[in-house]
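Asks: Residues per chain are reported as follows:
Number of protein chains: 2
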Amino acid sequence: MEISEYGEFGLIEHLTANFPLKNKSSLYGVGDDCAVIENTPEEGKTVVTTDLLLEGIHFDLTYCPLRHLGYKACVVNFSDVYAMMGTPRQITVSLGISKRFKVEDLEEFYAGMKLACDIYGVDLVGGDTSASMTGLTISITCIGVAESPVYRNGAKPNDLICVSGDLGAAYMGLQLLEREKAMFYQEYNEWMREGKKGEQPQFQPKFEGKEYLLERQLKPEARKDIVQKLKEVGITPTSMMDVSDGLSSELLHICKQSKCGCRVYEERLPIDFQTASQAEEFNLNVTTCAMNGGEDYELLFTVPLAQNELIQQVSGIRLIGHMTDERLGAAMITRDGNSEISLKAQGWNAFKN
Amino acid sequence: MEISEYGEFGLIEHLTANFPLKNKSSLYGVGDDCAVIENTPEEGKTVVTTDLLLEGIHFDLTYCPLRHLGYKACVVNFSDVYAMMGTPRQITVSLGISKRFKVEDLEEFYAGMKLACDIYGVDLVGGDTSASMTGLTISITCIGVAESPVYRNGAKPNDLICVSGDLGAAYMGLQLLEREKAMFYQEYNEWMREGKKGEQPQFQPKFEGKEYLLERQLKPEARKDIVQKLKEVGITPTSMMDVSDGLSSELLHICKQSKCGCRVYEERLPIDFQTASQAEEFNLNVTTCAMNGGEDYELLFTVPLAQNELIQQVSGIRLIGHMTDERLGAAMITRDGNSEISLKAQGWNAFKN
Numbered sequence: 003m004e005i006s007e008y009g010e011f012g013l014i015e016h017l018t019a020n021f022p023l024k025n026k027s028s029l030y031g032v033g034d035d036c037a038v039i040e041n042t043p044e045e046g047k048t049v050v051t052t053d054l055l056l057e058g059i060h061f062d063l064t065y066c067p068l069r070h071l072g073y074k075a076c077v078v079n080f081s082d083v084y085a086m087m088g089t090p091r092q093i094t095v096s097l098g099i100s101k102r103f104k105v106e107d108l109e110e111f112y113a114g115m116k117l118a119c120d121i122y123g124v125d126l127v128g129g130d131t132s133a134s135m136t137g138l139t140i141s142i143t144c145i146g147v148a149e150s151p152v153y154r155n156g157a158k159p160n161d162l163i164c165v166s167g168d169l170g171a172a173y174m175g176l177q178l179l180e181r182e183k184a185m186f187y188q189e190y191n192e193w194m195r196e197g198k199k200g201e202q203p204q205f206q207p208k209f210e211g212k213e214y215l216l217e218r219q220l221k222p223e224a225r226k227d228i229v230q231k232l233k234e235v236g237i238t239p240t241s242m243m244d245v246s247d248g249l250s251s252e253l254l255h256i257c258k259q260s261k262c263g264c265r266v267y268e269e270r271l272p273i274d275f276q277t278a279s280q281a282e283e284f285n286l287n288v289t290t291c292a293m294n295g296g297e298d299y300e301l302l303f304t305v306p307l308a309q310n311e312l313i314q315q316v317s318g319i320r321l322i323g324h325m326t327d328e329r330l331g332a333a334m335i336t337r338d339g340n341s342e343i344s345l346k347a348q349g350w351n352a353f354k355n
Numbered sequence: 003m004e005i006s007e008y009g010e011f012g013l014i015e016h017l018t019a020n021f022p023l024k025n026k027s028s029l030y031g032v033g034d035d036c037a038v039i040e041n042t043p044e045e046g047k048t049v050v051t052t053d054l055l056l057e058g059i060h061f062d063l064t065y066c067p068l069r070h071l072g073y074k075a076c077v078v079n080f081s082d083v084y085a086m087m088g089t090p091r092q093i094t095v096s097l098g099i100s101k102r103f104k105v106e107d108l109e110e111f112y113a114g115m116k117l118a119c120d121i122y123g124v125d126l127v128g129g130d131t132s133a134s135m136t137g138l139t140i141s142i143t144c145i146g147v148a149e150s151p152v153y154r155n156g157a158k159p160n161d162l163i164c165v166s167g168d169l170g171a172a173y174m175g176l177q178l179l180e181r182e183k184a185m186f187y188q189e190y191n192e193w194m195r196e197g198k199k200g201e202q203p204q205f206q207p208k209f210e211g212k213e214y215l216l217e218r219q220l221k222p223e224a225r226k227d228i229v230q231k232l233k234e235v236g237i238t239p240t241s242m243m244d245v246s247d248g249l250s251s252e253l254l255h256i257c258k259q260s261k262c263g264c265r266v267y268e269e270r271l272p273i274d275f276q277t278a279s280q281a282e283e284f285n286l287n288v289t290t291c292a293m294n295g296g297e298d299y300e301l302l303f304t305v306p307l308a309q310n311e312l313i314q315q316v317s318g319i320r321l322i323g324h325m326t327d328e329r330l331g332a333a334m335i336t337r338d339g340n341s342e343i344s345l346k347a348q349g350w351n352a353f354k355n
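Chains as they are written, first to last, in the working numbering: chain F, 3 to 355; chain S, 3 to 355.
Extracted from the complex, chain F is given alone in its bound form (with noise of 0.2 Å):
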């Protein structure tokens, strides 16, 4: 079906007669010039985070299901709200959509943002659909509340470094997904070149035993879980960020903004085996993966050493280090525990190149 069908308005109401408000704090949603929210002061004071994702920049539609990216284009902005140990609350979506997309597509990508909304408790509260000349464009905000939120610039020397989950498989997904779009391309190239000859190539792409790769590029969780572990066992961390760009690069923020340095070892970095077996089969170093990777939306936060057997207590958090005196520097000490390579942000910067 046609968007020009609904035109603006209808379109707006159709998509979005599937979210009714959930929270108390949510007090108007879609449909007027301004959504209304109210939280009150027990709960802590608002935090506000906003995402935009351009279709060729940060989403390639020939692997992402336009419901996975739905559900991801939620769940990076919750992920920014819980790791100010906040509760994200509402979104607003603007789409900017292009001519080749149907009503259906969209339907898609709204039941992916539904299923996101209802797994975090989240309301769906405004928004702007437009036309777009050229691909899809989502821009997203969060808002939330966090009773005492947790900055990047708390950190001290020697507070302990964790990270929860494990690092690097979302980037590994994401060479995956390209090895096997170029595997196909090529195939399918072929038999053009060759005239058409034989039955057009049904690609079968091999991705078997590395679902859990997948998962982690098109469809990652946002660590509410942990957020809430860490309050259950009482344990405000000193700094905390979520790490998006790679570790590296989020060390970097923690350590610039908190003037200390750190020290990270490669042995205690958290990798899955399937990172692991992955990177060996591309050939790329896995530390590497780990460090700069990106997009594994896992909570790096940093508690005082006096809170070591409390943090010890929390499953799913692996220590990997401790900040120092800023004059240090960043580094991680390697594996042979022999030398220092010094901490740079070589995560993704659309910018360059």
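It should be emphasised that the hints constitute simulated quantities derived from the structure, not laboratory data. It cannot be assumed that every hint is accurate.
No distinction is drawn between identical chains; accordingly, a pair holds when it is met within one copy or between any pair of copies.
Only pairs whose alpha carbons sit at most 30 Å apart, straight line, appear in this in silico DSSO-like list of lysine-lysine [what the hints assert, rightly or not]:
| hint | residue 1 | residue 2 |
| --- | --- | --- |
| 1 | K261 | K26 |
| 2 | K183 | K101 |
| 3 | K183 | K258 |
| 4 | K233 | K26 |
| 5 | K24 | K258 |
| 6 | K104 | K258 |
Since chain F is already given, all that's left is putting chain S on it; use the hints.
Replies: Frame of chain F, contents of chain S only:
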């Protein structure tokens, strides 16, 4: 200067260095996973609006200077907050930037945003900056406070329909800019076709005496003053919205959501002299321009009949009609008083054609 010389984080730091936080409620701005905001309950509820502006759809950089665009991108969001009887306080700004933009271009854009933020007392607290494959993408979210938000759904039959300022000027400004652009290309193409004989044409657009139309299109204002005046005389409108898609379209929104009909009087429509004169020059029906032009960013609102005398005290407001029972539908009474024309949302619909 190339954007890549800064990189994403350096660029954001450079562009936002000039935006110190002004509002007490802006606890933390640019530089963390989230901005942090604290509204006291006495200030009212939190209101949120968002607008997506795409190059080639919403603006044309051949005649829209980046500084004006930055200003306008902010103001259209502020306008939505005023339309709730609110006060804008914070914005987040996401930009998708293609390779043809230099740092200096973005500085111009941010200078326009800074001017708007200074004039309207708003803080820039966050955003996202990314490369883009094609044109410029601008997504702004505005957060404000409203003691008693005014929705679109509170109008009652017999309420008076009021509109601030005048209508149709921004649309005429757009037509004028489009005409001059076409004339420029025509002259230039003729010169190219004739083998570049003679000097390159020094095209001078004809804008004398039409400054108001251009200003309404390129550098609109939000009606903060009207909201203040209404508060001063103690009027709380029963419904309110801003005129962005055209008066017809907005009246239909209020009618639909308030479950009312309406009658507006053609002879009561506020139209500036320049608008009328330009419409005549273009052989356009000035009423159609005023009803369907859009981008006026005036306030459309309803007040109870009993506040007739009170509203007359507020300068810059025109009574244009009244709400009716829903069964009567939404219509305009023509100048001669003899016929009713049903309102249609002929306003801008980018999905059509």
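Asks: Compare the structure with the hints numbered earlier in the document and write down the numbers of the violated ones, lowest to highest.
Replies: 3
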